Amino acid sequence: GAVVSQHPSWVICKSGTSVKIECRSLDFQATTMFWYRQFPKQSLMLMATSNEGSKATYEQGVEKDKFLINHASLTLSTLTVTSAHPEDSSFYICSARFPSGPSTDTQYFGPGTRLTVL
Amino acid sequence: QQPVQSPQAVILREGEDAVINCSSSKALYSVHWYRQKHGEAPVFLMILLKGGEQKGHDKISASFNEKKQQSSLYLTASQLSYSGTYFCGTEGKGGYQKVTFGIGTKLQVIP
Chain W
12 GAVVSQHPSW VICKSGTSVK IECRSLDFQA TTMFWYRQFP KQSLMLMATS
62 NEGSKATYEQ GVEKDKFLIN HASLTLSTLT VTSAHPEDSS FYICSARFPS
112 GPSTDTQYFG PGTRLTVL
Chain F
1019 QQPVQSPQAV ILREGEDAVI NCSSSKALYS VHWYRQKHGE APVFLMILLK
1069 GGEQKGHDKI SASFNEKKQQ SSLYLTASQL SYSGTYFCGT EGKGGYQKVT
1119 FGIGTKLQVI P
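Residue numbers (this note's numbering), protein chains in the order written: chain W, 12 to 129; chain F, 1019 to 1129.
Calculated directly from the structure, the hints in this document are not laboratory data. Keep in mind that a hint or two might mislead.
Cut-off 25 Å, straight-line C-alpha distance, at most; resulting in silico cross-link-like pairs (BS3-like, lysine-lysine) [claimed, not checked]: (1) K1073(F) - K1085(F); (2) K31(W) - K1116(F); (3) K1073(F) - K1124(F); (4) K1073(F) - K1086(F); (5) K1068(F) - K1085(F); (6) K1055(F) - K1077(F); (7) K1116(F) - K75(W); (8) K1124(F) - K52(W); (9) K1116(F) - K77(W); (10) K1044(F) - K1073(F); (11) K77(W) - K66(W); (12) K66(W) - K1116(F); (13) K52(W) - K1116(F); (14) K1111(F) - K66(W); (15) K52(W) - K1055(F); (16) K1116(F) - K1073(F); (17) K1068(F) - K1044(F).
Just so it is clear, the structure is predicted and the values come from calculations on it, not from any experiment.
Whenever a hint applies, use it, and build me the whole structure from the sequences.
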């Protein structure tokens, strides 16, 4: 299957700092990427849809000024958690829409980034 | 709207079969199935697009009943490696919409 990478795999930071997470599609171009957050033993909650060259579309309840998304190229989307607080600690997962997979709607997930805010 | 999965958890012995169901209250364009192991990202299993469609890979298969807005995932002769949490994701009519995931079904296969 298609490969999506995330960097870093985990990060520990102090409260008030900003953290950037990168999501890359390694062997295909992804016009659309998605950012999810997953709390322990819970489902994947979509945070935002990232489209190359345009502003991200945020889900209801997600603060766009806190979770900055930039989709600068067809292979890279970044999520920046600004002024992180302990309640932002979570597993953040990106996915990329594979344009010519079994259907145009197949999503491949990155390995995830575990954020811990002290 | 989040699809409903059942059961929430199941324990199987190696070689036993299991069925995981996913139902939606809205008309569906597609159903996606993923498996997630602890601490890892979800791994794509399959996607179903057409009503009545059935697909399979190895001993894992799925069906999509478009009229009933339901999908079922079938695990046959389960192996230890099947353990994990299975998520269904549904996409509404119109395509290119977001995929909404169910709460997951935790499957544990024991020797």
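For each hint, the structure was consulted:
Between the alpha carbons of K1073(F) and K1085(F) the distance comes to roughly 18 Å, so the proposed pair stays at or under 25 Å and holds. Taken as a hint, the K31(W) and K1116(F) pair is honoured in the structure, with Cα atoms around 24 Å apart against an allowance of 25 Å. Our distance criterion of 25 Å between C-alpha atoms is met by K1073(F) and K1124(F), whose separation comes to about 22 Å. Taking the CA atoms of K1073(F) and K1086(F), the gap is about 18 Å. The hint holds against a cut of 25 Å.
Restraint check: the Cα-Cα separation between K1068(F) and K1085(F) comes to about 11 Å, which is no more than 25 Å; the hinted pair holds. Between the alpha carbons of K1055(F) and K1077(F) the distance comes to roughly 18 Å, so the proposed pair stays at or under 25 Å and holds. Using a Cα cut-off of 25 Å, the hinted pair K1116(F) and K75(W) holds, with the two alpha carbons roughly 18 Å apart. Pair hint K1124(F) plus K52(W) holds up; C-alpha atoms about 9 Å apart against a cutoff of 25 Å.
Taken as a hint, the K1116(F) and K77(W) pair is honoured in the structure, with Cα atoms around 21 Å apart against an allowance of 25 Å. The suggested pairing of K1044(F) with K1073(F) holds, with an alpha-carbon distance near 22 Å, which does not exceed 25 Å. Only pairs whose Cα atoms come within 25 Å are accepted, and K77(W) paired with K66(W) is accepted, the gap being roughly 15 Å. The hinted pair formed by K66(W) and K1116(F) meets the criterion: a straight-line CA distance of about 16 Å does not exceed 25 Å.
Proposed proximity of K52(W) and K1116(F) is supported: the alpha carbons are some 22 Å apart, at most 25 Å. Taking the CA atoms of K1111(F) and K66(W), the gap is near 24 Å; set against the 25 Å cutoff, the hint holds. A threshold of 25 Å between alpha carbons decides the hint, and for K52(W) with K1055(F) the separation of about 11 Å falls inside it, so the pair holds. Taking the CA atoms of K1116(F) and K1073(F), the gap is about 22 Å. The hint holds against a cut of 25 Å.
Using a Cα cut-off of 25 Å, the hinted pair K1068(F) and K1044(F) holds, with the two alpha carbons roughly 15 Å apart.
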